[in-house]
Amino acid sequence: MENRPLEYDYTVAKLFMFTTIVLGIVGMLVGVILAFQLAFPEVNLLLGEGLAEYTNFSRLRPLHTDAVIFGFTVSGIFATWYYIGQRVLKVSMAESPLLMALGKLQFTLYVVTVAAVVVSLLAGVTTSKEYAEFEWPIDIAIVVVWVLWGINIFGLIGIRREKSLYISVWYYIATFLGVAMLYLFNNMAVPTYFASGGIGDWYHSVSMYAGTNDALVQWWYGHNAVAFGFTVPIVAMIYYFLPKESGQAVYSYKLSLLSFWGLMFVYLWAGGHHLLFSTVPDWMQTMGSVFSVVLILPSWGSAINMLLTMKGEWQQVASSPLIKFMILASTFYMFSTLEGPIQAIKSVNAIAHFTDWIVGHVHDGVLGWVVFMIMASLFHMAPRVFKREIYSKSMMNTQFWIQTLGVILYFTSMWIAGITQGMMWRAHDEFGNLAYSFIDTVTVLHPYYTIRAIGGLLYLIGFFMFAYNIYKTMTVGRRVEENELQTASPMGA
Amino acid sequence: MDIAELQAYGYFFLTAFLVFVLYGYIYHLYSSERKGKRDYEKYGNIALNDEVTDKPVEEISKKDDETLKKEA
Ligand code: HEM
Ligand code: HEM
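Those protein sequence lines, which keep their order, are chains A and B. The first sequence begins at 1 in this note's numbering and counts up by one. The second sequence begins at 1 in this note's numbering and counts up by one.
Derived from the structure by calculation, the hints contain no laboratory data. Predicted, not measured: the structure shown is a model, and the values here were computed from it. Cβ atoms here follow ideal geometry from the backbone N, Cα and C, with glycine treated the same way. Errors might be hidden in some of the hints.
With beta-carbon atoms standing in for the labels, derived distance ranges [to be verified]:
hint	chain 1	residue 1	chain 2	residue 2	range
1	B	Q7	A	K311	28 to 36 Å
2	A	L405	B	E59	44 to 52 Å
3	B	H28	A	K346	34 to 42 Å
4	A	L297	B	A4	22 to 30 Å
5	B	E59	A	L46	37 to 45 Å
6	A	I342	B	T53	43 to 51 Å
7	A	S58	B	A4	30 to 38 Å
8	A	M423	B	F13	46 to 54 Å
9	B	F13	A	P5	25 to 33 Å
10	B	F13	A	T212	18 to 26 Å
11	B	Q7	A	P5	41 to 49 Å
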């Protein structure tokens, strides 16, 4: 046997870094197309009349949401797990050929599933449930991918050297369990072909739930997809990467534990805020609102913990673009978790629901928090997995400002558009006749839709810079020694 | 009382119970640290000293723990 020193093995992490970037580009490119379609309807015919079926807004919208959620974000979660997991448990994937093989299998199956999703969504095959559009055969594949990931999490934990599970690991476990539970329950469906004895296509299905129950399960799922996809795993990332990159241990470990349980406890009950003024029981709506407001506490608990971690080290924010990304991410996290509860108050929701303000809220959360944090994670990981310096620091800085401007244009335009829309829909004269017709709002909103599209385009350009920077890091970055990788990431000019 | 009302009461009391548990947990965290049973803050170092060759903040096996204590 050769006697090489034990090292972490990032093979699977690298594979998922790759899909994070590729699917990020796909998802956001489609997002930008959608944004331009809303401002300029001609864009629906992007590739001509003949292909309009595949390029229209309704066909592309689920492709956008699913590519950014299940493609980009979930890949980012897997990539960072296969990096952080080994490190905080102090055990290498190389020590377990079985876990390594399962990790690669998970990746392969994941890619196959993504391909099936893209094809089926473009073909218009969907269950029509938001964020749960996939038909049952794809759902089964997704469950297998997820179970393989779970085996890996618990497998690594089983052979760990570090006795205590670092707070990030808790968050990853919660992500795994939370999504498993939500996904299974919400996607329960009856395959119509088999149930009816051969009517229709074999891959079609109808939900097991109906009416109000369906709405309830759907938004219990939808809201917690935000919780366990856009919040919990991203918090896992920042709890590791910010302390590591800045060389400062997390400000208060106790607060991190407390916010963890607080988040778990409160999030699951807040989904009712998506169904205010609908047919679900009144007390459920009220509780949804109340829990949404309470949710500020555990959310801010984590975010403030991150900001305090930088105590006495604020000069790092100025000098390191990587820290900038993370601090901006946690600031946007605070911002969207303040905005959300405000929108969950019934009287505010009466104006905000169905308007662009919600879309604005979604994107200050995902663009400012989720994507920023995932990009920061990959920037931190790149020098360590490729053993090379980050290619260009100045490009990172430029990217940071371009994307920050993009997010600001996106959410400010959507705020104005949303509130204008909400007010115009409600306006009426003294006899109760509506003051405006729908097309009046469309005309008024046009400039804001254009601004949103430009903001989105800027953000996409920034994402291309990110992809290019990582590619260059991988191929031509200066090679670095282990001792340069202790805390702050090495960056070239 | 119909089922919806029952659910609402159930929901309320479950919530109250969980709030109680959560506050209990806060108390547990701070009191076990005050009594010196556990130092939670040291776990923050797990992220900082995370090379595979670094010494774990807390060793996994009991035996190692004891040898550590003897060394100290
Ligand atoms: C370049 C950046 C992006 C642009 C220009 C963009 C644009 C859009 C547009 C135009 C819509 C449809 C809004 C409507 O129906 O009125 C949308 C919806 C959505 N996008 Fe994006 N998007 C971008 C990035 C992202 C990212 C990175 C994520 C998540 C990680 C995301 C998540 C969503 C979600 C969840 C919805 C559905 C919102 C809802 O139903 O309320 N987007 N996006
Ligand atoms: C304290 C935390 C939060 C609360 C209380 C909250 C509350 C809300 C409310 C009230 C809505 C609008 C429901 C409606 O009228 O249609 C909403 C929508 C949404 N929020 Fe949040 N939010 C929070 C944090 C976040 C974060 C951090 C993200 C993403 C990173 C996010 C993503 C979304 C998405 C994707 C939707 C749109 C769902 C849809 O209609 O398709 N939220 N949220």
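task = Give me the numbers of the hints this structure contradicts, sorted from smallest to largest.
result = Violated hints (numbers, rising): 1, 5, 8, 9 and 11; every other hint is consistent with the structure.
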